[in-house]
Amino acid sequence: MSTRGRRIREKGIETLLFGCALGSVVTTAGIIWVLTSESVLFFRAVSPGEFLLGTRWAPLIEPRSYGVLPLICGTFLASGGALLVAVPIGLASAIFLSEYASRPVRSVLKPLLEILAGIPTVVYGYFALMFVTPRVLQPLLPQTEVFNAASAALVVGVMIIPTVASLCDDAFRAVPRSLREGAYALSATRLEVSTRVVFPAALSGVVAAVLLAFARAVGETMAVTLAAGMTPKLTLNPLTSIQTLTSYIVQVSLGDTPAGTIEYHTIFAVGMTLFTITLLINVIAHRVMRRFREAYE
Amino acid sequence: MFDQTCTSQRRRCTLATLLPVVATMIAVASWGPTADAQVAGKVRLDGSSTVAPITMAAAELFQAEQPRVQVTVGISGTGGGFKKFLDDRAELRTDISDASRPISGSELKRAAELRIDFIEIPIAIDGIAVMVHPSNNFCEHLSVAELKRIWEPGSAIQNWSQIREGFPDLPLKLYGPGTDSGTFDYFTHAIMGEEKVSRSDYTASESDNVLVQGIAGDRGALGYFGYSYYESNKDKLRVVAIDNGDGHPIKASLDVIRSGAYKPLARPMFLYVNAASYQRPEVKAFLDFLLDNARTVVEHPRVNYVALPDDLYDLARHRLREGKTGSAMAAAGGKTGNLVEVYRAH
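Line by line, the protein sequences give chains A and B.
Per the working numbering, the very first residue in the first sequence carries number 1; after that it's consecutive.
Per the working numbering, the very first residue in the second sequence carries number 1; after that it's consecutive.
Any given hint could turn out to be false.
Cβ-Cβ distance ranges computed for the label pairs, FRET-style [unchecked claim]:
1) B:Lys-236 - A:Leu-254: 20 to 30 Å
2) A:Pro-88 - B:Gln-162: 39 to 49 Å
3) A:Thr-121 - B:Leu-114: 44 to 54 Å
4) B:Lys-236 - A:Asp-170: 47 to 57 Å
5) A:Ala-29 - B:Lys-236: 47 to 57 Å
The hints are simulated quantities; they were obtained by calculation from the structure and are not laboratory data.
We put the beta carbon where it would ideally sit given N, CA and C, even for glycine.
Could you put together the complete structure from these sequences and hints?
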């Protein structure tokens with residue numbers, strides 16, 4: 001092929017690839033635009049102050065009330081609980097995989113861990129409702145309600161263990177071998193090396209991993225919709241029915257709310273809140289990660 | 001030549017086998033079930049999502065027998081259904097309107113203005129049962145006033161002892177359907193006087209099975225949902241008799257609901273048939289099928305309502321055959337207690 005032909009082909013492929021990358025950016029921009037434009041219609045009827053500071057969420061029951069705090073509280077209760085489950089187990093798995101496991105063990109264990117992430121979330125939700133609540137939680141703590149935040153938190157925690165383990169494992173493996181070898185040379189045991197040398201060195205990576213897993217748990221929809229209930233309330237009691245931002249959106253979207261009404265616009269206002277929370281978490285995690293990368297250049 | 005003979009032989013062979021096959025196919029295609037005459041056409045229904053399970057089940061069973069009829073059931077709500085039933089443009093009007101309440105005064109006026117004659121027939125009863133845990137031996141009945149105090153918005157009642165003097169100190173746990181449910185709309189209307197007025201801190205679920213599980217597992221539970229789900233779970237729950245203010249609490253049962261005595265938590269559901277549409281054979285066939293199989297369809301486990309007494313279905317059939325137009329419920333005014341009397345008199 002002639003040089004000119006080659007140059008045109010190269011330019012063409014470059015444009016095509018740029019178009020694909022631009023496509024993702026355009027999609028994100030489109031989503032933000034839809035959320036914002038519909039939320040603006042909501043905030044014309046309800047003041048942002050009432051929305052962000054109100055403590056009663058009842059947009060579908062008379063008398064109406066549009067304070068989103070109960071939903072945010074429910075979301076953090078469920079995802080915080082999920083972190084309590086996922087972080088210890090995920091971290092311990094990561095330490096085992098990077099410091100203790102031999103290569104054949106690692107090559108078997110890592111895929112097995114990934115299976116947990118492959119189970120559909122709706123299955124986790126039903127598992128929580130039909131098994132975890134009646135056969136695990138209620139026998140142990142009889143005051144547990146049929147819908148509760150704890151069972152949702154437990155299954156979401158199990159679901160994000162692979163995320164935490166993977167990201168922490170990457171963080172540990174990025175710690176230079178020289179640090180470990182120096183410690184071994186000073187006759188440290190493997191446990192001492194793992195906990196006193198590697199873990200502190202990889203701390204910012206671990207924090208970033210936890211934050212990213214948290215963002216994932218905040219966005220989790222099906223498991224909490226099925227297991228946690230539909231009762232928005234401001235509470236720290238994990239054994240009672242709550243409602244999260246995501247399960248509220250499911251409730252209204254699946255119902256017969258006519259388009260253009262204020263109930264319809266609450267979907268977008270809540271979606272905007274969810275988006276903002278997840279964005280903030282991701283930005284903080286990214287900042288922390290960046291600082292981690294610079295330490296070893 | 002050998003080939004030519006073969007070819008002509010083959011042609012004769014093919015014709016010889018094809019002809020009887022084609023003849024049989026034509027014969028089979030024109031043979032139909034000798035039972036009923038096959039009808040064809042479209043039947044359009046729209047209206048209440050509470051009534052829709054009945055008409056949808058009837059449509060499914062009917063279309064199995066009459067595959068050339070297309071029955072469509074929309075769920076725009078009772079009000080939305082009437083709007084389409086009484087549309088300005090005749091070609092857009094529905095044939096039958098599903099309604100979970102009788103036709104209203106303004107809708108009657110509009111029908112008169114547009115000269116739309118309709119036939120009103122009752123089709124089933126939707127009853128709501130109020131339930132407690134089976135070990136609850138102190139709450140035999142509750143009055144409508146007490147139910148209102150428990151369920152109204154901002155209610156501070158968190159304990160059984162706050163409901164009535166003599167009830168034990170037991171935390172009250174409330175269960176009920178979610179805000180999308182017709183049962184929620186009806187219960188709030190009947191008890192609070194206005195739709196959708198309710199306290200918001202109860203365990204809500206659109207799934208009645210989850211509510212059954214919740215109430216059956218909680219000693220201090222009090223919940224409400226469609227009566228039929230209680231019927232299927234009688235061993236796990238206890239039903240509470242309802243006092244409608246006259247001092248005589250009435251305990252729900254299929255017979256009691258059918259008789260109309262269970263107030264205010266039972267309401268009849270109706271079908272409004274466009275009299276002109278009824279003249280079309282496919283619409284007539286569908287309605288005849290529905291009324292002939294009313295009990296089976298209404299009390300089918302996936303539909304789960306309470307069927308009317310047989311004489312009401314007979315009266316409905318009679319109304320359709322005679323073409324008796326107009327709303328008997330409207331004519332009866334306030335006295336709509338005993339449906340059989342209403343439909344006999346009007």
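Cross-check of the supplied hints:
1. B:Lys-236 - A:Leu-254: 20 to 30 Å: holds (27 Å)
2. A:Pro-88 - B:Gln-162: 39 to 49 Å: holds (43 Å)
3. A:Thr-121 - B:Leu-114: 44 to 54 Å: holds (51 Å)
4. B:Lys-236 - A:Asp-170: 47 to 57 Å: About 51 Å separates the Cβ atoms of Lys-236 (chain B) and Asp-170 (chain A), which means 47 to 57 Å holds.
5. A:Ala-29 - B:Lys-236: 47 to 57 Å: Check passed, 53 Å falls within 47 to 57 Å.
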